[in-house]
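Taken in order, these protein sequences are the chains called A and B.
So the first sequence is residues 1 to 508, counted in our numbering.
So the second sequence is residues 1001 to 1192, counted in our numbering.
Simulated from the structure, these hints should not be mistaken for laboratory data.
Don't be surprised by glycine CBs; every beta carbon is placed ideally from N, CA and C.
Certain hints may be false.
Once the Cα atoms are required to be at most 20 Å apart in a straight line, the calculated SDA-like pairs of lysine to any residue come out as [as the list claims (entries may be wrong)]:
1) A:230 <-> B:1115
2) A:389 <-> B:1150
3) B:1068 <-> A:189
4) A:429 <-> B:1120
5) A:493 <-> B:1101
6) A:200 <-> B:1053
7) A:250 <-> A:108
8) A:192 <-> B:1007
Some chain A residues near chain B, calculated using beta-carbon distances under 10 Å [stated by the list, open to error]:
9) 51
10) 56
11) 58
12) 198
13) 199
14) 200
15) 227
16) 256
17) 344
18) 433
19) 448
20) 489
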Amino acid sequence: MSEIFRNLGLGFGTIANVQSLIFIFIGMIVGILGGAIPGISPSMAVALLLPITYSLSPVVAMVMLMGIYIGANYGGSITAVAINTPGTPSATVTAFDGYPLLKKGRAGEAMGISLWASVFGGIIGAIILIFFSVPLSKAALKFWPSEYFALCIMGLTTVATLGGKHWQKALVTCLFGLLLNTMGLDPTFGIKRFTFGVTKLFDGFEMVPVLIGLFALGEVLNNLEHFDAKKKIEREKIDYKLPKPSYYWKLKGPIARAGLVGCLIGIFPGAGGTIASFLAYDVEKRVSKNPAEFGQGAPAGVAAAEASNSGSVGGAMVPLLTLGIPGSSTAAVLLSALMIHNLNPGPKLFTEQPALVYGLFASMFIANVFMLLVGTFGAKLWVRVGYIKKTILYPLIFAFAILGSYAIKKSMFDVGTCLVFGLIGWMFKKFDYPSSPLVLGLVLGKLIETNYVQTLMVTGPVGFIQRPLTVILFVISIAALAYPIIIAKVHAKKDAKKAAEPPTDDED
Amino acid sequence: MANFSKWLTNLSYWWILAGFLAVMIGLYFLFGIWPRTKRVRVQLLCLCGMDYVTLLFYLLTFNLRVSKLAAEAGATPRTMPRLWALLMALASIGAFFAIINPENKPDEKFNRWVFALLVGVGSIFSVILFQYIGYYLSSAIFILVVMIAMGERNKLQLILVPIIWCLFTYFVFYKMLFIKLPFGSLFSWLIK
């Protein structure tokens, strides 16, 4: 325990300089701005800003990106409350009670709750991250290649199967990502694969243009397709005066519970803030003395939604930092950011780069404190962000995406990659193929291949069943794959039963 | 199979792309025949597009060099692509039936897709123009054109937004981050 506190001290020491603090602040502001604008997700905000971090030191770059991630998660709630339009998918639940509160003339209360719940949910997530990831990273150091391989497979299957209704499509896109990852030089034998004579493909696809294309361009192209110049957002004159800090004390229970739920859900790859907020909201509704109030403007509902999606940030960082497996699409972008700065995410990161890891932990506390200050004094300003004209926003995002992909290597090929993946992202978005599994496949492919080959070379095929943990992880993977199939069948049976039942009098 | 794979490897990627387009067009009409596939044919085309790449990669693996050491270990450069291709084939079958299931949502209609595509094509032109008129002017023109195309008529905003964008990129990328963006051959004398 004392080691954790000592290292945390080192982390705070690492970022206790003007440059780091400024970049955390910038990141957090950009994150809030991005989150508050409907159509910009946290992963898109982080991907777009990734090229800016090239010339920064890894610590400063990562704390800035972390600031964006945290800020964007809160930012989504602003428009959810103000105009009933969640800025991010995870803020959907915030709108359930946030907007009714506004309609009752309690806008300041709703904004205040979402801010304080975000801050404390985020802090709970950060605390759990620290105490969870340190022992886990130590255990992971003892992992064999076969266990790593099984772990990656488990990560991929849960991601694919947590794709909800479209789990089959998620599985396909995940495998497609893995297949695309085999392009370039083979990591073990150095043989060229599927390069089609293009030398720029020797290292496979550059991750940043792929991410920018999928998350930013794909989204913007989809929005452009549905853009209606005549549609205007109605502005309402509302008083956003926040309550006094003592007011939030009565919400300590929902915030603590939801922060915990959010963080635990966030640990599971693919679950993310959206599922976490739905789950935490449900938990809160069940334990509430007035469940009927939920959906009509319950302060506890807003608190649960926001604390859980902010808590999920800490959770998503657990598998990313300790195992090198991203827990969400934004974490996948962060994983690429680590790789761009020549850092290998995984348990060794804790021993090789303690200043960076603990600096990142420390930055989560600082970003949340900054967020509290900025949110308190800038509530009115952030609401206006949601009114930014799309005629200005979309061309700028497009230009930024092109610039970001070009700036990495000053390569037109990268811009082409970005545009191609933008097109793929657009089609995926339009036809319900989730993009995150594709990114995870692209990011994890090399790790899987290396560990697979190492296992075969060291122990042969028996290596995959030799160690109990490997077998357990494989069993979980199979269960994760089987789960949606079983659930779908159960639902189909229920529906069939309902349909077969004769209609009751009430229904008549 | 090895000979076919060798032939495929030596094929220009333009031919592969042309083959891709031909297959997609063929499948578009094929899926239009049956009502069950007609309502979801673009979803199916997305799936088939990924399967086309999978099949291509699988066929190309036959021409990948395999060292003796790798063959003895049982893990060659062919192993992973083939494993993913096999799993992809299985997953695609599952996805195919899930897509054609009558309960599945039909294809979303294309709204202003030509407009969105034109913006994409416009961005390619803007990138090509980098080397002639430079990044700053090229991106400013791109932003201006897209804003007008989207229906923006406020003259002040039409002038200010591209200018602010250019100033932002110049100071942040060029001055702060030392990322040199092209000035273009037409204006290269300015730097000299």
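We went through each hint and held it up to the structure:
Between residue 230 (chain A) and residue 1115 (chain B), the direct Cα distance comes to roughly 16 Å. Compliance with the 20 Å bound is thereby established for this hinted pair. As the CA atoms of residue 389 (chain A) and residue 1150 (chain B) are separated by approximately 11 Å, the hinted pair is consistent with the 20 Å bound. Note on residue 1068 (chain B) and residue 189 (chain A): the hinted pairing holds, with a Cα-Cα distance of about 11 Å set against a maximum of 20 Å. Under the criterion of a C-alpha separation no larger than 20 Å, the hint pairing residue 429 (chain A) with residue 1120 (chain B) is consistent with the structure, at around 16 Å.
Proximity of residue 493 (chain A) to residue 1101 (chain B) is assessed by CA-CA distance (about 16 Å); at most 20 Å being required, the pair is judged to hold. At roughly 19 Å between alpha-carbon atoms, residue 200 (chain A) and residue 1053 (chain B) fall within 20 Å of each other, so this suggested pair holds. For the given pair, residue 250 (chain A) sits about 16 Å from residue 108 (chain A) by alpha-carbon distance, which is consistent with the 20 Å threshold. Note on residue 192 (chain A) and residue 1007 (chain B): the hinted pairing holds, with a Cα-Cα distance of about 16 Å set against a maximum of 20 Å.
A cut of 10 Å between beta carbons decides the hint on residue 51 (chain A): the least distance to chain B is about 8 Å, and the hint holds. For residue 56 (chain A), the interface hint holds, the least distance from its beta-carbon to any beta-carbon of chain B being 8 Å, beneath 10 Å. Interface restraint check for residue 58 (chain A): the shortest CB-CB distance to chain B comes to about 15 Å, outside 10 Å, so the restraint is violated. With a least beta-carbon distance of about 7 Å to chain B, the hint placing residue 198 (chain A) at the interface is held under the 10 Å criterion.
Hint status for residue 199 (chain A) relative to chain B: violated, with the closest Cβ pair at about 13 Å, above 10 Å. A cut of 10 Å between beta carbons decides the hint on residue 200 (chain A): the least distance to chain B is about 12 Å, and the hint is violated. Annotation: residue 227 (chain A) was flagged as interfacial toward chain B, and the flag holds, the nearest CB pair being 6 Å apart, inside 10 Å. Interface restraint check: residue 256 (chain A) against chain B, minimum CB-CB distance 39 Å, threshold 10 Å, status violated.
Taken as an interface hint, residue 344 (chain A) does not check out: its beta carbon lies about 20 Å from the nearest beta carbon of chain B, beyond 10 Å. With a least beta-carbon distance of about 6 Å to chain B, the hint placing residue 433 (chain A) at the interface is held under the 10 Å criterion. A distance limit of 10 Å between C-beta atoms decides the matter here; for residue 448 (chain A) the minimum to chain B is near 8 Å, and the interface restraint holds. Evaluation of the residue 489 (chain A) hint against chain B yields a violated restraint, the C-beta minimum of about 13 Å exceeding 10 Å.
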